[in-house]
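Student: Going down the list, the protein sequences come from chains F and L. Its first residue numbered 1, the first sequence is counted upward by one per residue in the numbering used here. Its first residue numbered 1, the second sequence is counted upward by one per residue in the numbering used here.
No lab work stands behind these hints: they were computed from the structure. It is possible that some hints are incorrect.
Here are the computed lysine-lysine pairs in the DSSO-like style, where the Cα-Cα straight-line distance is at most 30 Å [said to hold, decoys possible]:
#, chain 1, residue 1, chain 2, residue 2
1, L, K16, L, K181
2, L, K158, F, K36
3, L, K46, F, K181
4, F, K308, F, K36
5, L, K85, F, K85
6, F, K207, F, K169
7, L, K207, F, K237
8, L, K36, F, K181
9, L, K235, L, K85
10, F, K16, F, K181
11, F, K237, L, K237
12, L, K36, L, K169
13, F, K36, F, K85
14, F, K46, L, K169
15, L, K169, L, K207
16, F, K169, F, K199
17, L, K16, L, K158
18, F, K181, L, K85
19, L, K199, F, K169
20, L, K308, L, K158
21, F, K235, F, K153
22, L, K237, F, K235
23, L, K85, F, K235
24, F, K46, L, K181
25, L, K199, L, K85
26, F, K158, F, K169
27, F, K237, L, K235
28, L, K36, L, K237
29, L, K237, F, K36
30, L, K181, F, K36
31, L, K169, L, K16
32, L, K153, L, K207
33, L, K16, F, K235
34, L, K199, L, K169
35, L, K199, L, K308
36, F, K153, F, K169
37, F, K308, F, K207
38, F, K169, F, K181
39, F, K85, L, K308
So the chains spell out like this:
There are 2 protein chains.
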Amino acid sequence: MTTPPNLSQRASDLYKSIQTHICANLESLEPTARFKSDEWERPDAKGGHGGGGLTRILSGGTVFEKAGVNFSAVRGTMPAAFAAKLGGPSEDVPFFATGVSLVIHPYSPMIPTTHANWRYLELGNACWLGGGSDLTPYYLYEEDAVHFHSVLKGVCDKHSPEYYPRFKKACDEYFYLPHRKETRGIGGIFYDYLGRDEKVDLEATLKFSHDLGFAFTEQYLPIVERRKGTPYTEKEKGFQLLRRGRYVEFNLLYDRGTHFGLQTGGRIESILMSLPPIVHWDYCPTVEEGSREELLIQTLMNPREWVK
Amino acid sequence: MTTPPNLSQRASDLYKSIQTHICANLESLEPTARFKSDEWERPDAKGGHGGGGLTRILSGGTVFEKAGVNFSAVRGTMPAAFAAKLGGPSEDVPFFATGVSLVIHPYSPMIPTTHANWRYLELGNACWLGGGSDLTPYYLYEEDAVHFHSVLKGVCDKHSPEYYPRFKKACDEYFYLPHRKETRGIGGIFYDYLGRDEKVDLEATLKFSHDLGFAFTEQYLPIVERRKGTPYTEKEKGFQLLRRGRYVEFNLLYDRGTHFGLQTGGRIESILMSLPPIVHWDYCPTVEEGSREELLIQTLMNPREWVK
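Working from the sequences, and respecting the hints, build out all of it.
Tutor: Given below as structure tokens:
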């Protein structure tokens, strides 16, 4: 299959416009807090130009404790060991990667954390797209989980009836903490290598990125609106802080995106902006039988189908 | 070289007695808080007996926010990939590991965090000892760093004049966060594979473990005594919480001990007891030029020789 013209440039432009769209919509829920922007450049290993990005962070809002939306378009040489992991050759190989990645940590434990990422990658002669979005509630509202998944399924179905069930399953498998025997959250979709190994049109795949990126606010913001006025106790906030520890464990122990960034000389503060602002670890925390806390954990240990 | 009789049992007994000694001495600094004990067993992969341990945790003291001292003696089968990393054969191989491991997180940012571990390992036909201890200050007091290293050097010198310089260097190299270009703290000593590849007597190496284990309280507690009354500000506490984030990053991204535990089916709560109780991550935190915070970071970026 031949690569459509200007794909890397068009992908990069798309991700930048998704970033702008999402930040503007998140700001609309904040009376005064606004995103700050950090434009950065990335020197490559030989001191040349390795691309760069734009990191946008909103912290200390009334709803959002920390929301980070990062755009990047970087090129360089990927170390052999890591290239092999991605299915590339076992040698140092040139790469280009562009994408937008976001993590939103609200104050209220009644509002779920969310993460999303859409990206385009060139590794040697191969190129593909990947991405997804997922939801990490602290207190489970089934209608929120159903809403999040329904919007995703709607977008997927327009592209292929196979996408949603396949990518939903991949998401549950990817965001899994084997040492905890739990998923990180109640899932969403996750896809990778789309357009590389299969007879999938790269152009259509870029359009899939587009549709998902612009549907994201519709997926998440109605949930925020619905839960932002819900009162919560100190104890419930404490449970959120403990659960955030699992988020950190996943991101540092297992997340390929984090490891990719750190091993290819990415910008540390942009990679680790995914980490929650305040996190607790207790030794052997317990939850009451039949409590909402226990229900959440049970749900994470037994992934469900949220939409048919 | 032949293995001395009963080495595994005597190592295990030694580590247990070191645990008892250290816990009693830490408690002597706490008016009322006491260690709680969790005895646990570890089923092996086939459901048989895989050993166990005793985890002791003191939390919410007046000096110590969280102190964990874990003893374990476990046996099982190490996955091929991990065995190869440890220099073993590239196949599943039986192992036995016993040791004591501790991490102490004080409330006050003026008192450093410390970590220590001494262990004995059998992997297939090979056996060796490893261990070390290191100090992670938030505000640097040079005399504390000198004291900690002096005690270590004293113990090392009794065994071999080569030990301290070699193991001090190994410690700086091991506790290094490449993505931050910093060491985790101001070091200590770190040794591994002692008695395996070299003409080192295993019996003498066990004695080295013994001497280090029983010198630990002398290394650390005078520092706690000296700093526990030092007043500190909210801002200084905040700096400690941010620096604890680096501690988490090291332990989850790089620490071999953590990965060993997670990959060999260790007890999760005992492995992750090393994580600090409360941790902050800010995006792009800054420190003032010439401040004590900057001095600390500079020191971590340029490891020093603390004793001659």
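Student: Could you run down the list of hints and mark each one as holding or not?
Tutor: These are the hints, each one checked on the structure:
1. L/K16 / L/K181: violated, 36 Å
2. L/K158 / F/K36: violated, 57 Å
3. L/K46 / F/K181: OK: L/K46 and F/K181 at ~18 Å, within 30 Å.
4. F/K308 / F/K36: Violated - the C-alpha atoms of F/K36 and F/K308 are around 40 Å apart, more than 30 Å.
5. L/K85 / F/K85: holds, 17 Å
6. F/K207 / F/K169: holds, 22 Å
7. L/K207 / F/K237: Status violated; Cα separation ~48 Å.
8. L/K36 / F/K181: This hinted pair holds, its Cα atoms lying about 26 Å apart.
9. L/K235 / L/K85: It is violated: about 42 Å lies between the C-alpha atoms, which goes past 30 Å.
10. F/K16 / F/K181: violated, 36 Å
11. F/K237 / L/K237: Distance of about 21 Å is within 30 Å: holds.
12. L/K36 / L/K169: Roughly 35 Å separates the two Cα atoms, so the pair is violated.
13. F/K36 / F/K85: violated, 35 Å
14. F/K46 / L/K169: Status holds; Cα separation ~29 Å.
15. L/K169 / L/K207: Holds. L/K169 to L/K207 sits at ~22 Å (cutoff 30 Å).
16. F/K169 / F/K199: holds, 21 Å
17. L/K16 / L/K158: holds, 23 Å
18. F/K181 / L/K85: holds, 25 Å
19. L/K199 / F/K169: violated, 53 Å
20. L/K308 / L/K158: Judged against 30 Å, a Cα distance of about 15 Å means the pair holds.
21. F/K235 / F/K153: violated, 35 Å
22. L/K237 / F/K235: holds, 23 Å
23. L/K85 / F/K235: Answer violated: L/K85 to F/K235 is near 43 Å, above 30 Å.
24. F/K46 / L/K181: holds, 18 Å
25. L/K199 / L/K85: holds, 22 Å
26. F/K158 / F/K169: holds, 18 Å
27. F/K237 / L/K235: Within the cut-off at roughly 23 Å; holds.
28. L/K36 / L/K237: holds, 27 Å
29. L/K237 / F/K36: Cα-Cα ~26 Å, so holds.
30. L/K181 / F/K36: Given pair L/K181, F/K36 holds - Cα atoms ~26 Å apart, limit 30 Å.
31. L/K169 / L/K16: holds, 28 Å
32. L/K153 / L/K207: Answer holds: L/K153 to L/K207 is near 15 Å, not above 30 Å.
33. L/K16 / F/K235: Violated: L/K16 and F/K235 sit about 36 Å apart, past 30 Å.
34. L/K199 / L/K169: With a Cα-Cα distance of about 21 Å, the restraint between L/K199 and L/K169 holds, given a limit of 30 Å.
35. L/K199 / L/K308: Distance of about 26 Å is within 30 Å: holds.
36. F/K153 / F/K169: Holds, at roughly 12 Å.
37. F/K308 / F/K207: Holds. F/K308 to F/K207 sits at ~24 Å (cutoff 30 Å).
38. F/K169 / F/K181: Given that 30 Å is the threshold and the Cα spacing comes to 16 Å, the pair holds.
39. F/K85 / L/K308: violated, 45 Å
Checked against the numbered hints above, the structure violates hints 1, 2, 4, 7, 9, 10, 12, 13, 19, 21, 23, 33, 39; every other hint is satisfied.
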